[in-house]
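Chemist: Starting from the given sequences, assemble the full structure and let the hints guide the process.
Be aware that the sequence shown starts at 5, since it is given in the numbering used here, and climbs by one per residue.
Hint data in this document are derived by calculation from the structure and do not stem from the laboratory.
With a straight-line Cα cutoff of 30 Å, these simulated DSSO-like cross-link-like pairs (lysine-lysine) come out: (1) K13 x K337; (2) K13 x K241; (3) K337 x K241; (4) K240 x K337; (5) K240 x K13; (6) K240 x K252; (7) K242 x K337; (8) K13 x K338.
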Amino acid sequence: MKTELNNIKRALMTGVGYMIPFVVFGGVLIALAIALSGIKEGQGAVVDNPFLAQMLDIGVLSFGYMIPILAGFIGFGLADRAGIMPAMVGGAIAVQNNAGFLGGIVAGILAGYVVNFIKKIPIHTSVRALMPIFIIPLLGGVTVALIMQYVVTTPLSSLYGLLTEFLSSMRGGNAILLAVILGVMTAFDMGGPVNVVACLFAWSLFSENIYTLAGPVAVAICTPPLGMGLATLLSKKKYSDEDREAGKAALAMGMIGISEGAIPFAAKDPLRVLPSIMVGGAVGAVVAMIAGVETFAPHGGPIVMFVSTNKVMFIAAIAIGSLVTALMANFLKKDYVPEGELE
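Modeler: This is the structure we're talking about:
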């Protein structure tokens, strides 16, 4: 069992290693496009300049490859080259069905084990040459695609509908509890479907001139990348050189409200990172709610400070939530051990 867990951990590290350049490249281009365009009240980040719009599109394109690459190289880590194609197909289905990076992780692990199982099927020597180029891609791809489509991702759509109804039922209730729920949901999957449900719920109230929920959401959008970036600065011994480089990128993306900057950390160590970013997001959201912060743009991060009320407390909420994330993550994480020294 311990060996299997170590194999999965190595595969996750492999997937994250290949994914990071896509996150950094896409995130930096998106951040630059937004930063150079500015924020328009009530509209968020509006990129009108044709060159910056193209830069933004390329950044979004890079982000689009992020989850399939993560899945593909998790599959590679578990089943070598034969695992890449089925895992990438599963990752693409996760993207198509808004399953987020968690769906990509499931796709990669699933593909790895499916392909390894297929490799063990007895087959006549006359057709063994077809295994790597035809049989494994066909059987593996179909199996992973069907499981992802009908077992992993389909039930999520019903869940997200229930989440939206639940949030609607909370309106007019306990504001602090609602802030906790929105903070946890916004931070949880960093731009994924749960995050989108929380953000769209808060932003949908703009039509009713209600902006008090957008403030906590704007805080929780950026605390995951800012918190994990800060964590790498506070305790370097707990992170690899690659992690610390990803931390620098996460700090830059967090400033512009790009939650995905924390995904490399969550993908590599979800059991420690996800609780940390959810608690940090909830704390930051509660501080913003108590302070009565309102945000008039459907976006997040310090960049929207200029279209938020109570700017000092808005920044304070971000700082407190990020610090909580960093301290909790470093408390939970063990010192970094190079891959070659894993048991």
